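*Asks:* So you can see what is in the structure, the chains are spelled out below.
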Amino acid sequence: MIMFLIRKILWATATLAVASVLVFATLEIIPGDPAQVMLGINATDEAIAALRQDLGLNKPVLERYFSWIFGMLQGDFGNSYTYSVPVNELVADRITISLPLALLSLLLSTVIAIPLGLYSASRRGSLADTSIMALSQVGIAIPNFWLALLLVYFLAIWLQLVPAGGFPGWDAGFVVALKSLLLPTISLALPQAAILSRITRSALLETLGEDYIRTARAKGLSTGATIWKHGMRNAMIPVLTILGLQFAYLLAGTIIIENVFYLPGLGRLVFQAISLRDLIVVESVVMMLVATIIVINLIVDLAYLWVDPRLRHRSA
Amino acid sequence: MTGFFQTAMRNRSFATGFVITAMVVLMAAVSFLWTPYDVTDLDISAKLKAPGWSHWFGTDHFGRDIFSMIMVGARNSIAVALVAVIIGVGIGVPVGCWASARGGLLDEALMRGNDVIFAFPALLSAVMITAIFGPGAINAIIAIGIFNIPVFARLARGAALSLWPRDFIMAARAAGKNKTRITIEHIVPNMANLLIVQATIAFALGIIQEAGLAYVGLGTQPPLPSWGKMLNEAQTMMSFAPHMAIIPGLAIVITVVGLNLLGDGLRDVLDPRLVRKRD
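Listed in order, the protein sequences are those of chains A and P. With our numbering as the guide, the letters of the first sequence map in order to residues 1 to 316. With our numbering as the guide, the letters of the second sequence map in order to residues 1 to 279.
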């Protein structure tokens, strides 16, 4: 088990290192001079030279890479060129919207999908099962930003129940802030719930076909107790895998959804940075999101140990 | 082939999916020759018309015919998603096969490389690529295509690993064929079913991803219409022209449902053993 842990952590670290090289290299292969790109074609030679100096572009590549990495490890993401503030301040500010949004969506999607999937599997072939699966087939096909537009139209414009967009800030009161995250959360969560419910259903059906389930039934356990005590736990592995992947998608998905609802989160920051050609911000935010995804995958791997005791005794 | 098609059409998922997909493809094909109106034709006097006889799906804020834009947009969605799948299959499958044939350190290294790519959702790659090269359909294709590579590499590796110990592969090795030839002549044909099903799913996902990228302005650029961009333009007009947002969205949903049903159907038809297990 210790070996398994160490191995997983080592691999995650290696993956992170390679990913950071990729992100760094992508900005290295930029056609032309990054300083020129950031300042636009009308920039004077002096301004470009000054920015090159500022960005440390005159230093060798390796030195720049390592100072970028070590800077990030210490929480120093460099300075935003357009906002003239440290990137980590920008990020710290925006993440108070993106992270709650991703977490709330994950929560909502799980709360909807797992019970539906379990119910569907336990009533396989029934009208309820068929309807839930048909609904999920459509749910998978709905792009979250389109769902967002529809929700805005019906709930915000027509019925005026919730704000159509914008974010008052957490200072405006928890409930008010939460209310403006409601539609974004639903738009992100429902399509993911459709996928998750299907995975849960098929995972449970798979386990319900196993011998130990028949044994449990044979010793007189009720259907409910069998599913709860034996089926669920074994079905959780594929569900966990998908949950991990979904969090990654949700985090990336916030980039689009924030643009629908004009939420000043990381996604908006990235898009503003792209249009302002503020490459430092793009680089840092992308690296941060990628790092989060890698860490989440590591956590999922470790969660297997908790769910499946058999893995704890395997050496590697 | 006709025999296969007849059997397949008896599968309800396949039949429904096939009909929907065929209609979308047909619509895209016809758009090359004919559309009710020219999609670059601006007719301000006819702007924001609701669906009706002269404009089946209504018009947008420039008076462009939405039905024509949907037709041309289908072309664009299909092209982006298709090329992205081809990139995924073209690079992923050889990598997966190579990893499984060689095994050992190379296998481990290739699959770990996959993990790295997996940490970059298509949207993030697109963000990076666009930050550097500017937005455009080609960059959207590359971003989605890159994300498809590890999906197909994993699938191909897994399938190939289960095939290598089989008797007919042993026989081929005994006959003196080398690993490359065995892979091409025996391994790949035997995993074709799996690949076709996954390709359909990746194709459907590609359509959604393309729409998402176009929606945030990272995909196809004007004046070519794309479903995602139509939704973006519709956003500010939701309150007085909801048809502008509803119709392109429905086009995406119907196309994706069609492709997913086709994939589900193909899986059942190509591998009859699974039918009992799945339902």
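Hints are computed from structural coordinates only; laboratory data are not their basis. None of these values were measured; they are calculated from a predicted model. A few of these clues could be false.
Stated by the list, open to error - Simulated coverage check for chain A against chain P, where a stretch passes if three residues somewhere in it have a Cβ under 8 Å from a Cβ of chain P:
no., region
1, 111-121
2, 131-141
3, 247-254
4, 271-280
5, 302-308
Note that beta-carbon positions come from the ideal geometry of N, C-alpha and C, so glycine has one too.
*Asks:* Each hint needs a verdict: does it hold in this structure or not?
*Replies:* Status of each hint after checking the structure:
For the region 111-121 of chain A, the stated coverage by chain P is not satisfied: 0 residues place a CB nearer than 8 Å to a CB of that chain, which falls below the threshold of 3. Counting residues of the region 131-141 of chain A whose beta carbon lies closer than 8 Å to any beta carbon of chain P gives 4, which meets the minimum of three for the stated coverage. With 4 residues carrying a beta carbon less than 8 Å from a beta carbon of chain P, the region 247-254 of chain A meets the three-residue requirement, and the given coverage holds. A count of 5 residues in the region 271-280 of chain A with a Cβ less than 8 Å from any Cβ of chain P is obtained; the coverage claim is therefore met, three being the minimum.
For the region 302-308 of chain A, the stated coverage by chain P is violated: 0 residues have a C-beta nearer than 8 Å to a C-beta of that chain, whereas at least 3 were required.
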